[in-house]
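Chain B: place on chain A using the hints.
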Amino acid sequence: MQDYHNIIAEILIDETTLQERIHQLGEQISRDYANEDLLLICILRGGVVFMVDLMRQITIPHGIDCMAISSYGVGGRASSGNVRLTLDLQTNIEGKSVLLVEDIVDSGHTISRVLELLSTRRPRSLKVCALLDKQERREVEVPIDYRGFTIPNKFVFGYGLDLDEYYRNLPFVAVVDLKKYKGA
Amino acid sequence: MQDYREFIDQVLFDAAAIERRVRELGAQISREYAGEDLLVVCLLRGGLTFTADLTRYISISHELDCMSLSSYGTGHYASSGNVRVNLDLKTNIEKRNVLLVEDIVDSGRTLAHVLEMLQTREPKSVKVCVLLDKKERREVEVACDYVGFDVPDKYIFGYGIDIDEHFRHLPFIATADLDKYRKPEE
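If you're matching them up, the sequences are chains A and B in order.
Note that numbering that gives the first Met the number 0 has the first sequence beginning at 0, numbered continuously upward.
Note that numbering that gives the first Met the number 0 has the second sequence beginning at 0, numbered continuously upward.
Excised from the complex, chain A in its bound form (with noise of 0.2 Å):
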């Protein structure tokens, strides 16, 4: 496995940048859902280190699930058509106020199937946290409540986004140099 130092084309957003948001983040939402039964969900594996850190900038009881996602007859980085879910809830959600914690949105087809899902199940609210907003490659429209950081149409990596499997626990998102990445 390469060196991370060597594939990187720059870093978009260092680690202070990123805790610093985080906080806000979790201020707000803190406000938004004060007396509410909140219930954040982590889309595994790519949420975890968000959801790990924004959960602890959350003042107000919350409980925290996870969910895993894989979808149907598609390849490698695409991601359109229907979701599989490979691991559901454990939490009854009917009733509850539900966060969709995510790392990150681009063409959007995957967060609308999970939110359509979800939304049978009859939550009180439901809501999308991203920290990571692709919009140039928007191809259905999703609503994010919340929102970390609008970044280019580029390849991104860490705090929780992979190179084939590798680099999610760099503290930072940066963009990968294709031209030196070798692949796994």
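Calculated directly from the structure, the hints in this document are not laboratory data.
From the three backbone atoms N, C-alpha and C, an ideal C-beta is built for every residue, glycine too.
Honestly, I wouldn't trust all of these hints.
[Unchecked claim] Have a look at the derived ranges for each label pair, beta carbon to beta carbon:
no., chain 1, residue 1, chain 2, residue 2, range
1, A, Pro151, B, Ser58, 47 to 53 Å
2, A, Asp144, B, Asp36, 35 to 41 Å
3, B, Ala16, A, Asp87, 33 to 39 Å
4, A, Asp87, B, Arg181, 28 to 34 Å
5, B, Glu115, A, Glu138, 42 to 48 Å
6, B, Glu138, A, Ala33, 38 to 44 Å
7, A, Ile59, B, Asp149, 28 to 34 Å
[Unchecked claim] Computed list of lysine-lysine pairs in BS3-like fashion (alpha-carbon distance at most 30 Å, straight line):
no., chain 1, residue 1, chain 2, residue 2
8, A, Lys179, B, Lys94
9, B, Lys123, B, Lys134
10, B, Lys126, B, Lys94
11, A, Lys153, B, Lys89
12, A, Lys126, B, Lys89
13, A, Lys179, A, Lys153
14, A, Lys126, B, Lys182
15, A, Lys153, A, Lys126
16, B, Lys94, B, Lys123
17, B, Lys89, A, Lys181
18, B, Lys89, A, Lys178
19, B, Lys153, B, Lys89
20, B, Lys134, A, Lys181
21, B, Lys94, A, Lys181
22, B, Lys89, A, Lys179
23, A, Lys133, A, Lys181
24, A, Lys178, A, Lys153
25, A, Lys133, B, Lys89
26, B, Lys182, B, Lys133
[Claimed, not checked] To list a few chain A residues with every Cβ distance to chain B over 10 Å, as calculated:
no., residue
27, Asp13
28, Glu26
29, Ser96
30, Arg136
31, Lys181
Relative to the frame of chain A, chain B by itself:
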């Protein structure tokens, strides 16, 4: 939901102490797996916080995967008997170095079953990194290769560990006085 200040007994480890220890564990793991392939496996949901922090202190390249487990036929707080896999690994662990990351080990039964199960897939190695070790409760022997802290046999919450699904987000690890704790209404 009750305010945790009403039932907290004692803060066992504050955020700074946890961070220091997690950093040490990350450094140790990075040294011991240097030059090796490493797959970190987070056991959901209790292990999430610890895994997210630990992996940031592991300086060598590694992959991350998750497993979700539950026990057959036992109550909420018990953990014995066989283990049901709700979410299996995406990664094929054959010939891989696997590091299981768990928030807390008490009886050891769940962990022992998972280890047995994973061994059938012929990984190169499987080790266990656990943040909290409640040794007094151990019923089966299980090798914890990396341990954050030993804890007494008390009810514990915070830093990923819940009471009735709440309080996972607290940055410290505390003991609860269950006489003062009121279960949330459904």
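Quick one, are A/Lys153 and B/Lys89 close enough, alpha carbons at most 30 Å? Distance ~26 Å between A/Lys153 and B/Lys89 Cα, so the pair holds.
Between A/Asp144 and B/Asp36, does the C-beta distance stay in 35 to 41 Å? 40 Å, holds
Starting from A/Lys153, check that the Cα of A/Lys126 is at most 30 Å away, please. 26 Å, holds
Decide if the proposed pair is consistent with the structure: B/Lys134 and A/Lys181, CA atoms, cutoff 30 Å inclusive. Status violated; Cα separation ~46 Å.
So the hint says 47 to 53 Å: do the beta-carbon atoms of A/Pro151 and B/Ser58 match that? 29 Å, violated
Between A/Lys126 and B/Lys89, does the CA-CA distance stay at or below 30 Å? Given pair A/Lys126, B/Lys89 holds - Cα atoms ~28 Å apart, limit 30 Å.
Given pair status - B/Lys94, B/Lys126, alpha carbons within 30 Å: Given that 30 Å is the threshold and the Cα spacing comes to 14 Å, the pair holds.
Could you grab the alpha-carbon distance between A/Lys179 and B/Lys94 and see if it respects the 30 Å cut-off? 28 Å, holds
Would the pair A/Lys126 and B/Lys182 pass a check requiring their Cα atoms to be no farther apart than 30 Å? Status holds; Cα separation ~27 Å.
Holds or violated: 28 to 34 Å for the Cβ distance of A/Ile59 and B/Asp149? 32 Å Cβ-Cβ, so the 28 to 34 Å window holds.
Check the non-interface label on A/Glu26: least C-beta distance to chain B beyond 10 Å or not. Holds: least Cβ distance 14 Å, greater than 10 Å.
Given hint A/Lys181 paired with B/Lys89 - CA-CA distance at most 30 Å: The hint holds at about 22 Å.
Of the numbered hints stated above, those contradicted by the structure are hints 1, 19, 20, listed in ascending order.
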